[in-house]
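Novice: Assembling the complex is the task here: the two chains are given apart, and the hints tell you how they should meet.
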Amino acid sequence: MTATTPKRSGFVRELLGRSDYAIMGEIVEPKTRVLDLGCGEGELLQWLAENKGVDARGVEISGLKVQRAIARGVSVFQSDIDEGLADYPDQAFDYVILSQTLQETRHPRQVLREMLRVGRRGIVAFPNFGHWRMRLAMLLSGRAPRTPLFPYAWHESPNIHLLTIEDFEELARAEGWAIERRYFLARHRKVAIWPNLLAEVGVFLVRR
Amino acid sequence: MIVQSNVVRFDGISLDSGATIAPVEMAYETYGELNAAKSNAILVLHAFSGDAHAAGVSPETGKPGWWDNMIGPGKAFDTNKYFVICSNVLGGCRGTTGPSSINPATGCPYAMSFPVITIGDMVRLQKMLIDWLGISRLLSVTGGSMGGMQALEWAVAFPDSVVSAIPIASTSRHSAQQIAFNEVGRQAIMADPDWNNGNYYGGALPARGLAVARMVGHITYMSDDSMREKFGRRLKGKENFSFGFDVDFEVEGYLRYRGSQFVGRFDANSYLYITKAMDYFDLTTGRGSLAAALEKTNARFLVISFSSDWLYPSYQSQEMVRALRSRNCDVAYVELQSNYGHDSFLVDVAEQTDLVRGFLANTFEKAQ
Numbered sequence: 002m003t004a005t006t007p008k009r010s011g012f013v014r015e016l017l018g019r020s021d022y023a024i025m026g027e028i029v030e031p032k033t034r035v036l037d038l039g040c041g042e043g044e045l046l047q048w049l050a051e052n053k054g055v056d057a058r059g060v061e062i063s064g065l066k067v068q069r070a071i072a073r074g075v076s077v078f079q080s081d082i083d084e085g086l087a088d089y090p091d092q093a094f095d096y097v098i099l100s101q102t103l104q105e106t107r108h109p110r111q112v113l114r115e116m117l118r119v120g121r122r123g124i125v126a127f128p129n130f131g132h133w134r135m136r137l138a139m140l141l142s143g144r145a146p147r148t149p150l151f152p153y154a155w156h157e158s159p160n161i162h163l164l165t166i167e168d169f170e171e172l173a174r175a176e177g178w179a180i181e182r183r184y185f186l187a188r189h190r191k192v193a194i195w196p197n198l199l200a201e202v203g204v205f206l207v208r209r
Numbered sequence: 020m021i022v023q024s025n026v027v028r029f030d031g032i033s034l035d036s037g038a039t040i041a042p043v044e045m046a047y048e049t050y051g052e053l054n055a056a057k058s059n060a061i062l063v064l065h066a067f068s069g070d071a072h073a074a075g076v077s078p079e080t081g082k083p084g085w086w087d088n089m090i091g092p093g094k095a096f097d098t099n100k101y102f103v104i105c106s107n108v109l110g111g112c113r114g115t116t117g118p119s120s121i122n123p124a125t126g127c128p129y130a131m132s133f134p135v136i137t138i139g140d141m142v143r144l145q146k147m148l149i150d151w152l153g154i155s156r157l158l159s160v161t162g163g164s165m166g167g168m169q170a171l172e173w174a175v176a177f178p179d180s181v182v183s184a185i186p187i188a189s190t191s192r193h194s195a196q197q198i199a200f201n202e203v204g205r206q207a208i209m210a211d212p213d214w215n216n217g218n219y220y221g222g223a224l225p226a227r228g229l230a231v232a233r234m235v236g237h238i239t240y241m242s243d244d245s246m247r248e249k250f251g252r253r254l255k256g257k258e259n260f261s262f263g264f265d266v267d268f269e270v271e272g273y274l275r276y277r278g279s280q281f282v283g284r285f286d287a288n289s290y291l292y293i294t295k296a297m298d299y300f301d302l303t304t305g306r307g308s309l310a311a312a313l314e315k316t317n318a319r320f321l322v323i324s325f326s327s328d329w330l331y332p333s334y335q336s337q338e339m340v341r342a343l344r345s346r347n348c349d350v351a352y353v354e355l356q357s358n359y360g361h362d363s364f365l366v367d368v369a370e371q372t373d374l375v376r377g378f379l380a381n382t383f384e385k386a387q
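Protein sequences, first through last, are from chains A and B. Following this note's numbering, the numbering of the first sequence begins with 2 at its first residue and continues without gaps. Following this note's numbering, the numbering of the second sequence begins with 20 at its first residue and continues without gaps.
Since the hints were made in silico from the structure, they are not lab data. Glycine residues also receive a C-beta, built at the ideal position from the N, C-alpha and C atoms. Take every hint as true, because none was put in to throw you off.
Derived coverage of chain A by chain B (criterion: at least 3 residues anywhere in the stretch with Cβ under 8 Å from a Cβ of chain B; other residues may be distant):
no.: 1; stretch: 60-68
no.: 2; stretch: 72-78
no.: 3; stretch: 86-92
The shape of chain B in the complex, shown without the other chains (with noise of 0.2 Å):
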């Protein structure tokens, strides 16, 4: 499959705080190709910290894309027949516009004088990312975690560019839970005196700030089951406690590894200005409640959620789907049983599979 790499460059956005970044760049990637009619593409959104790179392998660094097991000829999104499109967010740190690019006011890095940023905004962009490849239908908006988020944003702001949406393992707004983890991975990074309020560029990272928010992190994306099974009380590399410090289980050196190796991949101020995009995320914002927020989308849903995801448990999904049915909207809904957490969307992708192969045939039959 021939992965598409692109930057493209607007003019500017105007936020939702009500500043303005100009100019804006976005990264994106495309699979598969567009039909003649323009009706079959399909936008992924990343969660938080993924990246444009969804799905083939990245013809730099070698790499498979974040999704690439649900996107591909013959997978769940089968890039034999649909067009897909991922991008990198606003206030990544992928190729698109974010706290780490360059202010061309001062030549130098944003950094904390990088305006505050939304769920909104995000959509936005992609809205001109979509206008600017001349299609005015998406077939499907999807994604997991924040990813659905973004989905659910879209088919609420652009009713009419969504024929369907697909939010798996998602919310509608952030609860005091979600919220408090990513407060704790903020302060993590805040505490590191190389953060240095947000001017570390050139110069030493917060690595341990960072390393420690996404160690946090991890333990939220998995469950008790999962851990249980992939570490126990495993001991790494030795038969005794070493009475000290250093790493004595399996799941300690785990974390830490995952966590040193996201400082190499990710800014620390794009962690804090994404989580806070999560954080403000609530449809219900200046539209009343969640069905006058879905008033205006006669958009086709599939909703999926995971049996131990206890990061974005299941009522969350189903509240979305109540607000739906209120509305008289297509939504199917289910709950998929897995042990793997909130990261089931990424790792356990059978039967998810199977129900998006099976959904997106459906609409894509009907639509035409």
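If we strip away everything but chain A, and leave its shape as in the complex, we get (with noise of 0.2 Å):
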């Protein structure tokens, strides 16, 4: 599992296929303590374990992958996201991760707030709705979008609450939360200029 070299200033590399990955990677301090929220078959928390020495934990709502994560030494248990929070203490975890997955989730707002309450700080990924692509296909087709971010037809897209990289700006100023650090992708490059227009993912850091 190594990573790629950068290649040139403002290529990301990827972490397992992944530059979200690659950038949580970064942000995660070792001997920290991790929940992944959505957390597949727990490849990113497999890695910050054998990798930074992380206490690695999971949520996962399909018990096929749960059956992975586990098998493969992760503790992962399988529930909902939307209730899985509700019974862990405050501050339990340095980070929750909610990777690519708040767009599913029924009540969004309130995953958000329940993730910091639980860890001290939350990193959240999303694809951005608000991306150029998503726009021109909208306007052209007048039909829900698919692009290569966003592939489901509306009747099967698991993403349920779709939202823009200002629009998660705007809820953690209303909700009084600071983004430590925020980072802008669109394929392996970081976006450095108009990010809510030319980003295909946001990466945020996030602390109550």
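Specialist: Here it is, written out as structure tokens:
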């Protein structure tokens, strides 16, 4: 599981095939406690445990993915994210990760509040619905947009709360959360200007 | 794999009820080798009708152990890597002191003079065994059903001795429904005239009552799906109904067979005592809440339940998991899809094997 070396400035290396993972791998401090919401088969958690010595836990709704995660030695429990956090005491984790899952939750604001209750910091990555390709697709087709980033037909999409980078920033302001770091990605490059238009993915390090 | 079958005798044990049993003997088996650091020991805890013979082929009976599909070289509990111990529970009838054992004070079987026991008592006797074996920390305590209850009791009663616990298809307290089924079993036994207030040793066994109790038990261990699959409405050895009360349906034949077979290997009084111990089990007793009970434990947990298990439904495992989470314990949980009902942990072990193997490997690595 070696990451490729940066080839030029602005290029983001991949971790486990994903640029947002690479950024999370950078953000998370060694020997911390990490909870990954919607952790899938636990690949990121396993990487963090092996490379950063973190105490790694995960929540995942799919039983099959939970099985695979546990089989690889990651402590994951099967639960809905919308309900899975209530039992944890306050500030139980250093980081709570929500990777490409916010737009799939039923109550995103509640999930974010809970994340920042049980974790000292939240790391949130989500696909940017404000990306120009989305805007153009909608404008030209007049239909629910489908792009490489949002490939699903409207009737089978798991994405039920679509949001843009500006939307997230606005919610953070309204809730009084501090955004400590923000990263904007398009493919493997960091986006320097007009992130709401040009970024495909936003990654935010947030605290209450 | 070499099966080591042993009996160890201790001076006595004080029970939760205030009574004492002295002396007390315990049958146990071990598989694999204890490493030099004594850090690879796993205690496997049997369910209601199990015994110390968990794996391998018994030199006496030639039969495989009750979890032979899970314990052995290369299996989930890999005996090439781990030292696995299994003992018969206190109150049992397979080598550990129970109501069918001779009371040294009278020279007769204890029968109903045997004191009422608890899951906590069973675990304290197991702790004596583990101490006697010179093991201070168990890499894991594990079992299904009543074995899972003991695993939980271990983690709570001896937090410093348990690195991890794997309770499967289990609960932190018996529910009204679970108590109800056990009571039906007990009443069936006690209604048999041959039970004779427990004094049947040397005479006719309460075979009818014990068989009926076991028949009820077997129904609760299966699921509607698995019974439909296994028996359906098929008739046993006939084309038409007998218009009588002999066995017509295959399911009737199966239950009668399992019932009568059980009489040959299980003591009716042990049935009464062990089911009572399960019914009394509630991890919160004397400890406030479940979260408070788990306060001292720092074990890692792998909790497994099965979708079709209606005797120990998933909500009971989830209750346990929620309490562990509220204590910020390291807990993994999954509900496995299986049609085999409560029996799943014994028969449907492919996925269970992957989970246990990964969890143990990671736990072992972390504990070194």
